[in-house]
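Given these sequences and hints, build the entire structure.
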Amino acid sequence: MKRITAVLLSLAVVLTLAACGKKDDNSDMNAPKAGTVYFLNFKPEVADIYKEIAAEYKKEKGVDVKVVTAASNTYETTLKSEIAKADAPTIFQINGPVGYKAWAGYCEDLSDTKLYSYLTDKNLAVRSGNGVYGIPYVVEGYGIIYNDAIMRKYFALKDKAVSISKATDIKDFETLKAVVEDMTKHKKELGIDGVFASTSMGSGEQWRWTNHLASVPVYYEMKDESDDSTIVSTLGKKEIGFEYSKNFRNIFDLYLNNSVTAKGLLSGKSVDNAMAEFALGKAAMVQNGNWAWEQISGVSGNTVKAEDIKYLPIYTGAEGEEKQGLCIGTENYLAINKNASAEDKKASVEFLEWLFSSEKGKDYVVNKLKFISPFNTFKDDEMPADPLAKEILSWMKKDVNNLEWTFNSFPGQQFKDDFGNALLEYVQGSKDWSHVESAFRTSWKNER
Amino acid sequence: MALKKYFPVFVLPTLAAFTIAFAVPFILGLFLSFTEFTTVIDAQWVGIANYIRALSNDDFINALWFTVRFTVVSVVTVNVIAFALATLLTKGLKGTNIFRTAFFMPNLIGGIVLGYIWQLIINGVLRFFDVTITYDPKYGFWGLVILMNWQLIGYMMIIYIAGLQNIPTDLQDASKVDGASRLQTLRNVTIPLVMPSITICLFLTITNSFKLFDQNLALTAGAPSKQTAMLALDIYNTFYGRIGWEGVGQAKAVIFFAIVAVISFIQLALTRRREVEQ
Amino acid sequence: MSAKEKTMLIRTLLYIILTVLAVAFLSPVFIVFLNSFKGKLFISESPFSLPDKDTFAGLENYFSGLEKTGFFSAFGWSVFITVFSVIAIVLFTSMTAWYIVRVKNRFTKALYYIFVFSMIVPFQMVMFTMTKTAGELGLDTPWGIVVIYLGFGAGLAVFMFCGFLKSVPLEIEEAAMIDGCNPVQTFFMVVFPVLKPTAITVAILNAMWIWNDYLLPYLLIGSEYKTIPVAVQYLRGGYGSVDMGALMAMLVLSVIPIIVFYLFCQKYIIKGIVAGAVKG
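Residue numbers (the numbering used here), protein chains in the order written: chain A, 1 to 448; chain B, 1001 to 1278; chain C, 2001 to 2280.
Certain hints may be false.
[As the list claims (entries may be wrong)] Listed next, with one range per pair, are the computed distances between beta-carbon atoms: (1) PRO1008/B <-> VAL2079/C: 27 to 37 Å; (2) GLU2174/C <-> ILE1041/B: 45 to 55 Å; (3) ASN1097/B <-> ALA2024/C: 38 to 48 Å; (4) ILE1098/B <-> GLU2045/C: 33 to 43 Å; (5) PHE2188/C <-> ASN1166/B: 25 to 35 Å; (6) ALA2024/C <-> LYS1094/B: 14 to 24 Å.
Derived from the structure by calculation, the hints contain no laboratory data.
In this text, a Cβ means the ideal position worked out from N, Cα and C, and glycines have one as well.
And the structure:
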């Protein structure tokens, strides 16, 4: 009797334990038939919209879509820990050729998918040999966003120090510098705290400088060497000269010296702070991309009018910059996890095809996600209507030299962190500029 | 005895969970520190290469040094203040319970939340000087020390109070009658008698300071330039932040474990010796 | 000055010192509380001023924080994981400890030392491999993490129960056995009631650890089920950029349950800490 009780009890304990470890039964039952989708999202600013889309898709097609969003600057970390799990992401994102190199073992060849065939310019995809491993899903642009209302106020001043009379006349760094410095002198009359919004230097908040701004000088350096796509030629660079370091410093110093915020406090500032300063009219300019519209429009007490929001290229004093446009490209490439089950892979591709070609999916992309889409399934009028996206679209049509996103081929996150740390020390005055230059070169060499 | 046959009921659940959560991962972790890998399946044996890379990694050495300095300073400040407070609160004053409650409260708040609370306060103070906590690694260092004191003083104080209350009052009275000064009583009577509490508190503060992670992550996240990253954070960053460095991260973790183990064994040996003496 | 006056003076002085210190200890939480009512842009500008008519934002931060973090669900998961893990730890490890103490052989002795050994191993050592093992076994769920906490908390708990059990006399257990109780009955009817003080200590120490734990739940289940610490950390960067207002509000909300719990169970917590320290 005792022995039977013992056996029964131990059985019960083991069963409870086993039950603990078991996953949600439904998903296990469905898995072989329908396949499920797990999308690891890169863009925190649209995390909630993806959740809506997933719910909508579930309603329409009955397929489970799990969306997880990595916190800002932790995408690689999150991807690494998630992909090691049994229940790994089926759709993830790579940031271009460098990302592909790191994750090649997980990227499925997508050359036979409809999604790839939708791509207007097939050259945009990340390829290797005959395979297609990453498909861009959004075109974005960045530059210096300015509030034209404040600019008009400045140009109406009687004692302004420049001869030009409107912001669109700014065609090079010299003019920009003259205007900005004169605006700083008149900041009381203009009702601003500084010309530029805070140069956010908090940890995880430095990408506007380490990625976007640094892209411009490296672009020029690469163009001096060859006429190829700078994204391709940068990828092959084992070492970098950082020849246009002076130009980076030109514009970076301009940001710092005419800022809303004292240098010592910048390490506590986030991108969100900077966008809010711009939205509240405390600053006249801020460097950012069209994805930041929500961060401007969403601020309560917002004083900037949509029709006054315009773009200016990032001038750095490089030769021939009169023809320079905005930086237009993408760092968002979708990849499908090669190691997922065949059903899950199929379901994942179908989900993406639905999102970028069905009427409902496209409606989300255009009006909620506000993506300028690189797919031919979108008609000309199916583009987001917010002022920043409209500006990007109009710059794309102008007769200017819009720059590629050269930073796509920068070494990994460690390089960007090293560079950002050096910038922070420069901002705070504990190190001089030569330290930034050497950190840029050394870390590039080490991390390549 | 009948109990022996009941192994599956009494031991198996704990042992199974322990094997999954600790034993297997521990052995696997030791093994992986000698390999290069991104997932476990693709591990390739590289011998001690990871250890060499770990020990020649400036970030790691810097983190080790920072952690040691932090531990020494925290251990001294936490214990001195906690002991002083415990002495004050065992003087038989009325209302000691309220004070005890107040001092202990911060200990229950989790590291992440604590880190953000103090980030606000410290940045608020430094604002008067137009800088923030990440301006200089010194600020981060002292910020962490203050945070650690705030969190642990109450905890250690409670243990010291228990120790002090166990001292028979007649012993202290006797030494007073003998004409011993306050300081002499403290040194010759009180401290030897609360020695067990002191050892425990030292051990708890050392290990807690040494293994600090959450507070470090929330307060400075290592800024500026990883100069305020402690060992645990550095290991985490090496492991998850850099592709191709997983093996090195695991090797750093093994070194970290070895250091903690040595500290623990020294502690254990000291306790043993003391017990023998008594 | 008479001796009496002197003691009075010293007492007053002591009270003043203690009061100042107590205020210093409690003020950080209070400052966060104040800031949680300010507009998010004013918080880092002037953290020590009271909210005024320009800076007062009402409950806006609370609403945005609740929405962004899914605080209620995080609270739910924290409660769920803490409660079930603590129950599992107390129940299973006390049984294991009894077995180890009463069945004395080479195997149980080895087991005891392995459990004790696990106490000194820092989490980073098994951070990746544990996540991987648990993931492979499908334990990356709130139920699964209970198993992991049981395994990870076993060391300290077994150690403490063993320490206590060694001093418990055999006689009553033997009497129960002679009366026809099987070991399971004996354990629950005779042994476990005796263990109650240690069980409370073990429960409190583990509850404090699990409730506040960040890295383990973040790595194992953080992408789908966020506990409070994970949700708070996610606020920093989870939505593109840190929102100070929401952060302050969430800090307040995460501290409140702890304070309430503390005020109600203070006696047990402090006793538990002392007992745990003396044995640990």
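Here is how each hint holds up against the structure:
PRO1008/B and VAL2079/C have their C-beta atoms about 31 Å apart, which keeps the hinted 27 to 37 Å range intact. About 52 Å separates the C-beta atoms of GLU2174/C and ILE1041/B, a value consistent with the hinted range of 45 to 55 Å. Restraint check, ASN1097/B to ALA2024/C: a C-beta distance of roughly 19 Å breaks the suggested window 38 to 48 Å. For ILE1098/B and GLU2045/C, the Cβ-Cβ distance of about 35 Å falls inside the hinted range of 33 to 43 Å, so the restraint holds.
Under the hint 25 to 35 Å, the C-beta atoms of PHE2188/C and ASN1166/B, about 34 Å apart, fit the expected range. Between ALA2024/C and LYS1094/B, the C-beta spacing of about 21 Å keeps the proposed range 14 to 24 Å intact.
Checked against the numbered hints given earlier, the structure breaks only hint 3 and satisfies all the rest.
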